[in-house]
Amino acid sequence: MTRVAGLLVLATLLAAAPARAEGTTILNVSYDPTRELYQAVNTAFAAQWKAKTGQSLTVQQSHGGSGKQARSVIDGLEADVVTLALAYDIDAIAKSGLLPLDWQKRLPSNSAPYTSTIVFLVRKGNPKGIKDWEDLGKPGVSVITPNPKTSGGARWNYLAAWGYELRKTGSQDKARALVAAIFRNVPVLDTGARGATITFAERGIGDVLIAWENEAILATRQASSKGAFEIVTPSESILAEPPVAWVDKVASKRNTTAVAKAYLEFLYTKDGQRIAAKNFYRPRDPAVAAEAAATFPKLKLFTVDETFGGWAKAQEAHFADGGEFDKIYTGSR
Amino acid sequence: MGGESRPGPVSRHLDEPRAVRIALIGGAVTFLLAFLLIPLAAVFVNALRDGLGAFFSALAETNTLAAVRLTAIVALAVVPVNLLYGLAAAWSVSKFRFPARNVLITFIDLPFSVSPVVAGMIFVLLFGSHGLAGPWLADHDVKIIFALPGIVLATLFVTSPIIARELIPLMQSQGSDEEEAALTLGASGWRTFFHVSLPKVRWGLLYGTMLCAARAVGEFGAVNVVSGHIRGRTLTLPLHVEVLYNEYQFTSAFAVSTLLTLVAVATLAVQAYVARRADRGA
Amino acid sequence: MARRTIPGFGLSLGVTLAYLGLFVLIPLSTLVLKSSQLSGEAFVRVVTSPRTIAAFRLSFGASAAAAAINLVFGVLVAWVLERYRFPFRRLVDGLVDLPFALPTAVAGISLASIYAKNGWIGRWLAPLGIEVAFTPLGVVFALVFVGLPFVVRTVQPVLRDLDPEVEEAAATLGAGRFTVFSRILLPGIAAPALTGFVLAFARALGEYGSVIFIAGNMPLKSEITPLLIMIQLEQYDYAGATAIALVFLLASFFLLLLVNRLTHAYAPAPGVREA
Chain Z
1 MTRVAGLLVL ATLLAAAPAR AEGTTILNVS YDPTRELYQA VNTAFAAQWK AKTGQSLTVQ
61 QSHGGSGKQA RSVIDGLEAD VVTLALAYDI DAIAKSGLLP LDWQKRLPSN SAPYTSTIVF
121 LVRKGNPKGI KDWEDLGKPG VSVITPNPKT SGGARWNYLA AWGYELRKTG SQDKARALVA
181 AIFRNVPVLD TGARGATITF AERGIGDVLI AWENEAILAT RQASSKGAFE IVTPSESILA
241 EPPVAWVDKV ASKRNTTAVA KAYLEFLYTK DGQRIAAKNF YRPRDPAVAA EAAATFPKLK
301 LFTVDETFGG WAKAQEAHFA DGGEFDKIYT GSR
Chain S
334 MGGESRPGPV SRHLDEPRAV RIALIGGAVT FLLAFLLIPL AAVFVNALRD GLGAFFSALA
394 ETNTLAAVRL TAIVALAVVP VNLLYGLAAA WSVSKFRFPA RNVLITFIDL PFSVSPVVAG
454 MIFVLLFGSH GLAGPWLADH DVKIIFALPG IVLATLFVTS PIIARELIPL MQSQGSDEEE
514 AALTLGASGW RTFFHVSLPK VRWGLLYGTM LCAARAVGEF GAVNVVSGHI RGRTLTLPLH
574 VEVLYNEYQF TSAFAVSTLL TLVAVATLAV QAYVARRADR GA
Chain R
616 MARRTIPGFG LSLGVTLAYL GLFVLIPLST LVLKSSQLSG EAFVRVVTSP RTIAAFRLSF
676 GASAAAAAIN LVFGVLVAWV LERYRFPFRR LVDGLVDLPF ALPTAVAGIS LASIYAKNGW
736 IGRWLAPLGI EVAFTPLGVV FALVFVGLPF VVRTVQPVLR DLDPEVEEAA ATLGAGRFTV
796 FSRILLPGIA APALTGFVLA FARALGEYGS VIFIAGNMPL KSEITPLLIM IQLEQYDYAG
856 ATAIALVFLL ASFFLLLLVN RLTHAYAPAP GVREA
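Protein chains in written order, with the numbering used here: chain Z, 1 to 333; chain S, 334 to 615; chain R, 616 to 890.
Bound-form chain Z, shown alone:
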């Protein structure tokens, strides 16, 4: 009796399964906050691809902390393209042999079609009077940021703070002190940028969220929290360049190299750039940037290369085992 029932259920399931889609599928493995962005990009690009080549395209998405996603790709998650938070994570994938080590030169602007930066999200009225990075280290201020060990965004946050103080005072010690003070004020470390935003925005924890600019703007526009938050732009912040790449080994195995390249190149076209701007990423294209200038606050931006000598050095010094971040956490208890 149970056996018959079981077989019936199985049959129904198989019948209900979607007909195998004709056309191609590619997988975009991305980092945490880009869910809305790529939903829009995928719809637009699939339409364009169909019009140009007649081929139906489905772009599948996977999202998670940038480091975690990179690890999954290294472990065998078959990504045709990766769109991660920082070059270092794609470098790690390259080191495992899935794409060439000089991948970053293959697309314009260091393979970063849009940029972002790090800003602060505070509660309405800014009760704690947060204005700049030093305010985050003051006692009595509760700061939300994800864990730099797992979240790409968190690493940008950390380097933005360190870089700011370093550039202002020229002293590594003072920079270290500020970053340590900030992390002493952190009550919850989420594993990803989106988790941190939810902790701040929905769970009501913390006075200030250090966030991707696009995350912050998105949070202020969520229906559930209209008017509850304000964005505070620090005087200086880091230029975040989240890169994209196609994964040669996977794409050539699946015969998707052409469409994967076209997909990424779409991000640089006017249409792609406008979608990025609509989702609060700073477009590279000067014309589109001018159109969207009102959305993005003006602030001084510095890069990882000029302040830290590049990601490899920064990762080694700060985020590797025994690096500065570990010292901060074993130091303060």
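To be clear, the hints were calculated from the coordinates, so they are not data collected in a lab.
Remember, it's a predicted structure, so these values are computed and weren't measured experimentally.
Among the clues, some could well be false.
What the hints assert, rightly or not - Negatives, chain R to chain Z, calculated, CB over 10 Å:
1. Phe624
2. Leu632
3. Ser651
4. Ser654
5. Ala683
6. Arg704
What the hints assert, rightly or not - Which residues of chain R face chain Z? A few of them, derived with a C-beta cut under 7 Å, are:
7. Thr620
8. Ala731
9. Lys732
10. Asn733
11. Phe749
12. Asn832
13. Met833
14. Pro834
15. Ile846
16. Glu849
17. Tyr851
18. Ala854
Even for Gly, the Cβ is constructed at its ideal location relative to N, Cα and C.
Chain Z is fixed; fit chains S and R onto it per the hints.
Below, chains S and R alone, put in the same frame as chain Z:
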């Protein structure tokens, strides 16, 4: 398991004073309220916060349906295998005495003491591209991790002790008298198994199977590690709940959770029914 | 139980061993294999680093606390369910198994929403200065949920089968109700209660899904061991992750051994039912 109502205390002087009784009942119920009933209610209240329309559209959404399908396939793959294993394990351990029997029981229980995260991790270590079997799998283009087989294996591991654990004490306490009688009367081994042994354990078997299914459907930690989180493809219902939660779609997350909660409540209902039948000796 | 009068020994044992070998032992062996890639000194360093120790302390501490709470309240609940009649008793009894059946992620988001500062229960506790979500206390609460059925379900059948004659005899001899309870009934249920405690403890140790939404995940403060293992994994530090996992697993394993000892020492096994 669940208690059939026992006849009231035998005589008055064995009762606690009324005040004490009420206090104890109050204490127990408050505890259960805080830790069971309120979380249960919260799922439904949060799910319906935006109204019935939003509730149903969350459930009918493509990715939700894909998650339902995937979860159902995983459960259908896992439960029968663990059922056979559970029967075999319980049979071997309760009907016979042999050296290292206790060791075997401990090994049967072993997955129960492994954290689900570790359970997922060991399959990545085994079948990931850099795992022990990785190169071989890559050469033969077999996908296990980040695909359905990996999810099935991880779920299989985590739920394997459930049915065995349910059957072993049951079979042990029941003894083998009926089986021996049947064999003496000339029944074959298989006949005895199907007509004597299986009916003896049918209620425990049913409950264990339902519990295994509920656990297979709800497994989160292990699947989180092996899944790859490909929307519409490798997200089971619990993972889909987490994704929705992370996209500010709280009402949808709780709406999908109600599906899982209803499975849980159905399991409880079956268990209550089973307990009543078992107590009545049916 | 004679060995050969009942058939099927070879088949059942064969199937069991094959399954165990294939799906349980071989995958688990990767833990040992991978962590053996670390030198002995590196292994010890990872496993004894302050962060790992803090995670162990939280995991074992919170699990023990939760199991202790479940011990006290579990006995209470079992007593109340078996000895008294009250409205909805059957419903309450059935509900006790909910944590077995409810997916951990669902429990996680539900508990997190209730105990957050603006949650149903959290908002009453906040003015009292009690913070549950994102503190070790939140971890304990989630683990109480997860382990709730264990003590109740191990104690209930024993309570049910207790012979009322002993109680009567004691009462006849002049023992007050409390004396009867503490001298006669309590020792009777001590063993199953303890078994339930260890089971709840073991269950709580490895728990991930229901805790991850409510824990603060702060290294050295509110980071549970399974999360630490996940984070090591995400940093490509497989050897470190497996080292921690191995030590953690061994500790949990010995707990289970303890349970089996207790169970066999105090036959009949808990959860026994007649057909």
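Now for the hints, and whether the structure bears them out:
1. Phe624: Consistent with the label, Phe624 of chain R stays out of reach of chain Z, its closest Cβ about 26 Å off (over 10 Å).
2. Leu632: holds (26 Å)
3. Ser651: Since the minimum Cβ distance to chain Z is about 19 Å, Ser651 of chain R lies beyond 10 Å and the statement holds.
4. Ser654: Ser654 of chain R is indeed farther than 10 Å from all Cβ atoms of chain Z, at 15 Å.
5. Ala683: holds (26 Å)
6. Arg704: About 31 Å separates Arg704 of chain R from the closest Cβ of chain Z, which puts it past 10 Å; holds.
7. Thr620: Nearest chain Z Cβ about 30 Å off; hint violated.
8. Ala731: Holds, because the Cβ-Cβ distance from Ala731 of chain R to chain Z comes to roughly 5 Å (cut-off 7 Å).
9. Lys732: Where the cut-off is 7 Å and the nearest Cβ of chain Z is about 5 Å from Lys732 of chain R, the hint holds.
10. Asn733: Cβ of Asn733 of chain R sits 5 Å from chain Z, so the hint holds.
11. Phe749: Holds - the Cβ of Phe749 of chain R comes within 7 Å of chain Z, reaching about 5 Å at its closest.
12. Asn832: holds (5 Å)
13. Met833: Holds - the Cβ of Met833 of chain R comes within 7 Å of chain Z, reaching about 5 Å at its closest.
14. Pro834: At about 5 Å, which falls below the 7 Å cut-off, the nearest Cβ of chain Z leaves the hint on Pro834 of chain R intact, so it holds.
15. Ile846: holds (6 Å)
16. Glu849: holds (4 Å)
17. Tyr851: At about 6 Å, which falls below the 7 Å cut-off, the nearest Cβ of chain Z leaves the hint on Tyr851 of chain R intact, so it holds.
18. Ala854: violated (11 Å)
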